[in-house]
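Take the sequence shown: its position 91, counting from 1, is numbered 91 in UniProt numbering, and each next residue is one higher.
Hints are computed from structural coordinates only; laboratory data are not their basis.
Since the model is a prediction, treat every value here as computed from it, not as a measurement.
The beta-carbon is built from N, C-alpha and C at its ideal position, and this holds for glycine as well.
There could be a bad hint or two in this list.
What the hints assert, rightly or not - In silico BS3-like links for lysine-lysine, alpha-carbon gap of 25 angstroms or less:
1) Lys2 <-> Lys250
2) Lys272 <-> Lys71
3) Lys409 <-> Lys381
4) Lys93 <-> Lys59
5) Lys250 <-> Lys93
Unchecked claim - Computed spacing ranges between beta-carbons, pair by pair:
6) Ala424 <-> Thr373: 38 to 44 angstroms
7) Asn426 <-> Lys450: 24 to 30 angstroms
8) Asp422 <-> Lys273: 44 to 50 angstroms
9) Glu276 <-> Pro395: 46 to 52 angstroms
10) Glu85 <-> Thr199: 22 to 28 angstroms
11) Asn474 <-> Thr350: 38 to 44 angstroms
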Amino acid sequence: MKTIEATNFIEQIINEDIEAGRVEEIQTRFPPEPNGYLHIGHVKSMLVNFGTALKYGGKCNLFFDDTNPSKEKTEFVDAIRRDIEWVGYHWAKEVYASDFFDVIYDYAEKLIADGKAFVCDLSPEEISATRGTLTEPGQESPYRNRSAEENLKLFREMRAGKYADGEKCLRAKIDMASPNMNLRDPVIYRILRCTHHRTGDKWCIYPMYDYAHPICDYMQGVTHSLCTLEFEDHRPLYDWVGINLGFSPKPRQIEFARLAVTNTVMSKRYLKKLVEEGYVHGWDDPRMPTIAGLRNRGVPPEALLDFCTKAGIVKANSECQLSYLESCIRDNLNENAERAMAVTEPLAVTLVNYEGSEEVETPLHPLKPELGTRKVRFGKKLYIDRSDFSENPPPKYQRLRPDGYVRLKNAYIIRCDEVVKDEAGNVTELRCTYVPESRSQHDTSGIKAKGTIQWVDAETGVDAEIRRYGCLLNDAEYPGQDFGERMNKDSEQIFYGKAEPYLAEAADGTPFQLMRVGYYKKCRKEDGGLALSEIVSLKDTFNNKCGNSRG
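Kindly generate the complete structure, drawing on both the sequences and the hints.
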């Protein structure tokens with residue numbers, strides 16, 4: 001097979017293996033554990049595993065590491081499949097660690113027969129206490145020198161269910177003085193009575209990941225096992241298993257830096273806590289960094305892949321700014337989303353010198369004139385956004401003010417003549433005059449309105465629940481156990497606005513740029529009404545209250 005022009009260190013290593021004749025076809029695997037929902041960090045792992053295989057014309061399996069039945073569910077298996085397909089990847093084979101449980105067990109008996117593994121009676125706490133430290137060697141187990149025959153008998157009794165959970169375990173016999181803690185006689189099998197989502201109650205002993213990992217890779221024909229950086233210290237154990245079981249060719253483990261994003265929690269444990277304690281509406285809450293949440297929010301999968309590509313495949317850990325992700329989403333939607341108008345906080349406007357109605361044309365996409373235009377009703381009564389009017393405007397204010405002018409997008413220039421208030425002094429209506437000669441594309445009025453604002457026709461406009469989102473946690477790097485003080489109380493804001501009917505008629509899930517508001521996905525409320533869910537702001541607002549505030 002041929003090498004490619006390497007764009008990262010992984011491809012350089014693979015090219016070297018090809019040139020040396022060590023591989024004939026590239027085989028990778030994407031290895032999620034079915035104990036939770038995938039998040040944005042897994043998109044990078046997909047890019048590395050699926051993307052690398054595609055570049056070399058090879059194959060990538062979907063490999064479920066289901067060696068810990070106490071935390072794994074079929075629900076998560078189904079969700080993982082759905083997420084991978086949504087991102088845009090397709091696997092060669094769907095494989096489970098449990099497919100190889102018999103083989104993994106047989107290999108354990110081989111290690112025992114070769115004097116490379118022993119049954120240990122120490123408790124998990126005792127094993128931990130005798131493991132040693134980075135500066136001191138560990139203590140050998142008093143059961144380390146049992147004969148192969150005795151170990152084999154005990155191991156088979158473990159499988160038969162003779163012993164209680166934690167009463168015995170199988171450990172690899174390596175080196176208790178190794179500077180690498182992972183090589184200090186690691187546990188490779190434990191007793192665990194738990195119903196497995198695929199094998200039921202067939203097994204009461206389960207292999208540890210570090211032991212099962214190289215065996216499953218070998219059984220699949222994996223040439224390059226691409227892992228995140230925390231497995232670098234585990235590679236000597238990965239290699240030890242392959243060497244002592246006689247694997248040829250032996251899979252090669254390569255580690256890369258995982259994706260970290262500022263102000264974003266990606267620990268499954270903490271994400272689960274957010275869901276179970278009611279801080280969010282579920283795993284697919286639009287504020288969640290899960291793929292389900294990002295999909296529900298309306299983020300295009302292409303934007304996630306673009307972000308992960310730009311983050312790079314590197315060896316050193318680093319942290320990407322959340323604003324970089326938002327920028328990738330924004331670039332995609334700016335290119336692909338049609339434009340429409342809505343106001344989040346409606347303020348009534350009456351055009352006192354206008355009668356009847358007409359239709360004004362607005363482009364579907366200003367960057368794509370080939371898409372054409374659509375007609376929007378314009379009448380005597382309108383809504384503008386309350387934030388676009390000020391009785392006492394600050395310097396350089398360019399929106400509507402008393403006796404001031406502003407242009408209504410794709411329509412006319414208007415002037416505010418009268419401000420109507422209720423008994424409490426709240427502004428309830430603006431009475432304005434429109435300038436007939438100022439129609440967009442045909443303006444002969446000579447009036448230079450400094451600002452342009454969006455609007456919604458009062459007669460045809462529809463009620464819209466407008467949902468705006470910010471980051472979940474103000475301090476996401478070290479969330480600790482108590483989310484209460486760290487939660488961003490304004491991470492979800494609901495506005496009851498008005499929108500043009502075109503939005504209500506669009507298919508659910510369609511993304512739009514709400515002009516001067518942001519990028520939103522068309523949704524539907526439980527009662528069937530229109531909802532608009534924010535995908536990303538029009539500009540970077542990350543440093544302004546975690547992105548939930550607008551200027």
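Status of each hint after checking the structure:
no.	hint	verdict
1	Lys2 <-> Lys250	holds, 21 angstroms
2	Lys272 <-> Lys71	holds, 12 angstroms
3	Lys409 <-> Lys381	holds, 15 angstroms
4	Lys93 <-> Lys59	holds, 9 angstroms
5	Lys250 <-> Lys93	holds, 20 angstroms
6	Ala424 <-> Thr373: 38 to 44 angstroms	holds, 42 angstroms
7	Asn426 <-> Lys450: 24 to 30 angstroms	holds, 26 angstroms
8	Asp422 <-> Lys273: 44 to 50 angstroms	holds, 45 angstroms
9	Glu276 <-> Pro395: 46 to 52 angstroms	holds, 50 angstroms
10	Glu85 <-> Thr199: 22 to 28 angstroms	holds, 26 angstroms
11	Asn474 <-> Thr350: 38 to 44 angstroms	holds, 43 angstroms
Of the hints listed earlier, there is not a single one the structure fails to meet.
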